[in-house]
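As a plain string of letters, each chain reads:
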Amino acid sequence: MKKKLIFEKNVAGRRGFSFSKDDVPRYLWEDFLPAELKRKEKLYFPQLSELDVVRHYSRLAEMNFSVDKNFYPLGSCTMKYNPKMNELAAEERGFSQLHPYQEEEDVQGMLELLYLLEKVLVEITGMEHFSFQPAAGAAGELSGMLMIKKFFLQRKDFLRQEVIVPDSSHGTNPASATLAGFKVVTIKSSQEGLVDIDALSRICGSRTAALMLTNPNTLGLFEEKIWDMAEIVHKQGGLLYYDGANLNPLLGKVRISDMGFDIMHINLHKTFATPHGGGGPGGGPVGARGKLKEFLPLPLIGKSEDRFYLEYKLPNSIGRVRSFYGNIPVMVKAFAYLLRLGKEGLLRVAEHAVLNANYLKEKLKNYYEPATDKPCWHEVVFAGLKNKTTNVRTFDIAKRLIDYGVHPPTVYFPLIVKEALMIEPTETESKQILDEFAGVMEAIAKEAVDNPQLVKEAPHTTPVGRLDEAKAARQPQLRWVPPSA
Amino acid sequence: MPYIPHTPKERQEMLETIGKKSLCQLFETLPVDLRLRKELNLDRGLSEKEALDFIKQLAAKNKNLDAYNSFLGGGVYPHFVPAALKAILQQGGFYTSYTPYQAEASQGTLQAIYEYQSYICLLTGMDVTSASLYDGASAVAESILMARRINKRKKVLLGRSLHPEYRQVVKTYTAGIEIDIEELKWDKEGKILLPELEMNLNDDVSAVVVALPNFFGLVEDIKTITTLAHKHNALVIVVANPLFLSLVQPLSYYEVDIVCGEGQILGQRAYWGGETFGFIATRQEFLRKIPGRIVGRTTDKKGEEGFVLTLQAREQHIRREKATSNICSNQSLNALACSVYLSLLGEQGIKALAERIFSRAHYLYEQLVSKKLVQEVFGSHFWGEFVVKIPHLEQVGKEMKKHRILAGVKLGKLYPQLENCLLVFVDGDKSKKDLDSFVQTLEKLI
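Read top to bottom, the protein sequences are chains A and B.
Note that my numbering gives residue 147 to position 147 of the first sequence, counting from 1, and the numbers run on in steps of one.
Note that my numbering gives residue 1103 to position 103 of the second sequence, counting from 1, and the numbers run on in steps of one.
You may find that some hints are simply not true.
[Claimed, not checked] Partial selection, computed: residues in chain A whose CB lies under 7 Å from chain B:
1. G171
2. K343
3. P483
[Claimed, not checked] Covered stretches of chain B, as calculated for chain A (at least 3 residues, CB under 8 Å):
4. 1011 to 1018
5. 1168 to 1175
6. 1233 to 1241
7. 1295 to 1301
Rather than coming from a laboratory, the hints here were simulated on the basis of the structure.
Ideal Cβ positions, reconstructed from N, Cα and C, are used throughout, including at glycine.
Just need the whole structure built from these sequences, with the hints factored in.
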């Protein structure tokens, strides 16, 4: 059947919704509100049956690659399996049917859950407190940057206007720092893909507010000199922000505070297995220690004797970064996951995430060019095909993977690696899947030589072929327009 | 081990392949003095049943809305969510995928976002929108930043009748940059005090922010406000309740520049205030200033139509520090829920729902006022939520709660000058009996 937009399936008079008995008298708009404001135009919403709607969206769901169906080694996104139990846990009406203006005595279980979740996050990271407000990683980063801004303002240290980010960092890092009013100073990576310590010493000074870093970095390498870096920055009076996007391989192995970081966020949708939802909701709790913790967004969770409460008495807090208390179902799911794992499970996560990435590196290195020789952690980055005689590029390899039923890795990131293919298998993938994937990658590498056109025109098996992105940007069609309008 | 499939034999084979003797050897590049030398001080892992039982116990410690006849609103409006919506959201193809970076493998999500964008444009009357923001509060903050990008001006006027939490978030977001937020008082009808607005407007003003309806449920005079603001070429940002918009002329009629807001009322469960989504929509000319992902329609080589992420040159993964916003993950699944909800409601359904809320709110208000159980505060130019004054509200509220009625949001804590004032929201599924029981219970108490 022809694919149509939901709006094109409209049949006047159809209904997909039912209302309760209407026994309340009707009131008229005109008696209370300005007549000229009243809608005279049609909305042009489609009229559909419940089955029409279910079938439309089920078909769309089928068109997506997803963790439930496909290997999804999207680097830096930690697309691990989303345990089904977590979904069930978040469905509890004791959570879903809570109103944010209910009194504290009505939400004790909710507060207790967040209190316990915070304790676990504190133990894992070494921070002293977390605020659950930020709705995603980037919101956590922004919160952290605003905390740093306020910290220095309060000390009347007005010079500190610069935030240092490595050129391998996630794009959100410089964007968040800018949004908080900082000037971004980019530091080049060394030959081996790590932060250049000498360059850092040169750049870092009395204008430095913070160094923003993810470790292991986006090349999947551990910044071995992190302690020296922390010393350089701290000695100059600056702070260290940890981008928690790559926390997965550190669980139970090293604490963020022990590396010298002052502030951090956690991507609950990465490390703690809450689903990515096609692009959110995420969860980006921001944590801090020492003097920084009093700048955390409000509210925090407190406990006195047996009662849990919302803590607003934080005179130095940056304030709210969203309305109410955060993406609650994400917290419930992350908490359920942490309960299942326990301390030994967390350690196993880190170990098997690193095992899987190194295994893939070994299996692929004869066909793809490793970005560095160093042993990787949770993800491995290749600089495209080893065989540079073919005109097949990383972009083509990604598209060809789709034909084999694999979601492509992150491509052309980090920006410092040419033709980058960034593969993060995660710990939840089995040896069989990794072997199959390695087989597919090998096959594509051979196709690139034997039949490059096949790869360059991929994908061949999807509902649409390669889409014209230039046309999309040049002649933006960003919405359906009613035929008569 | 939960969710890790490796057997000891496989683990061994894999280690041999990479030439390592143990899992610990994988962490050689971790400096010795950084290594955590003790076990984390956490409990052992639980079975699925143990974990679920524990969480159920926590959930049971909450007294959720099922236990009450609730009139709580104030930005979060609990309502019935159809089973079909839940069933669609629980499909792995939607919730276990990510941002549709690879268009050919993500046509489902891309089409869904395109349809969501269309719905938001139809509701607001604006030309373009993005794939969603975190919530209403951050949507207002992003709108203010967007206005600043457009006209480079530094002053923003904003009604104190805008949601208190939104105003706090705006303050947080703008703390690090040069923006001057000035709050406008309300008049005796609870609407933005127009003479004050007029007095404060000048050519430094980047934007005027007005909520529709405002936090007190009142319908502001968008036409006059827009006319005043545009005299000084200031932009107008309307923070709209999207369900209310189904009853209102498209806001483009009033030449509004940016429409943003909170999407919770469109098919999102309350969840203690999150997760929901925020939206931002604007006129075509400001397209390239919008924050967040945008999906566009295009074709492949064979002319087959499809969808892609587009205009990405605005975004952080391309532009880094020069991006229009730092947003990456948004609230995609919640935006999908919005589309499904609107598709189920349809043209008639959404208007009927908005009208049911209107009639119920006015019925309850009239009953309370005519029986002299409450004092009027701002009047009756509201849609679905209203403010009344009840002497000894604290005590009365407690008594109402004993009768299983959550009477509304007490405004005293949010606005000291509104001591003893109550904000009452009336959902479209309330029966006459539900409303009469509010009236009768209050009657008994006063």
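Interface hint compliance - P483(A) to chain B, C-beta minimum distance less than 7 Å | Result: violated, 13 Å to nearest chain B Cβ.
Per the coverage rule (Cβ-Cβ under 8 Å, at least three residues), is the stretch 1168 to 1175 of chain B covered by chain A?
-> holds (count 6)
Could you check if G171(A) really has its C-beta closer than 7 Å to a C-beta on chain B?
-> 4 Å, holds
Measuring from the C-beta of K343(A) to each C-beta in chain B, is the shortest one below 7 Å?
-> 4 Å, holds
Count residues of the stretch 1011 to 1018 of chain B with a Cβ under 8 Å from any Cβ of chain A, then say if the count reaches three.
-> Three-residue rule met by the stretch 1011 to 1018 of chain B, so holds; n is 6.
Coverage criterion applied to the stretch 1233 to 1241 of chain B (partner chain A; beta-carbon cut 8 Å; 3 residues) | violated (count 0)
Taking 8 Å as the C-beta cutoff, is the stated coverage of the stretch 1295 to 1301 of chain B by chain A satisfied by three or more residues?
-> holds (count 7)
In summary, the structure is inconsistent with hints 3, 6 from the numbered list given earlier, while agreeing with the others.
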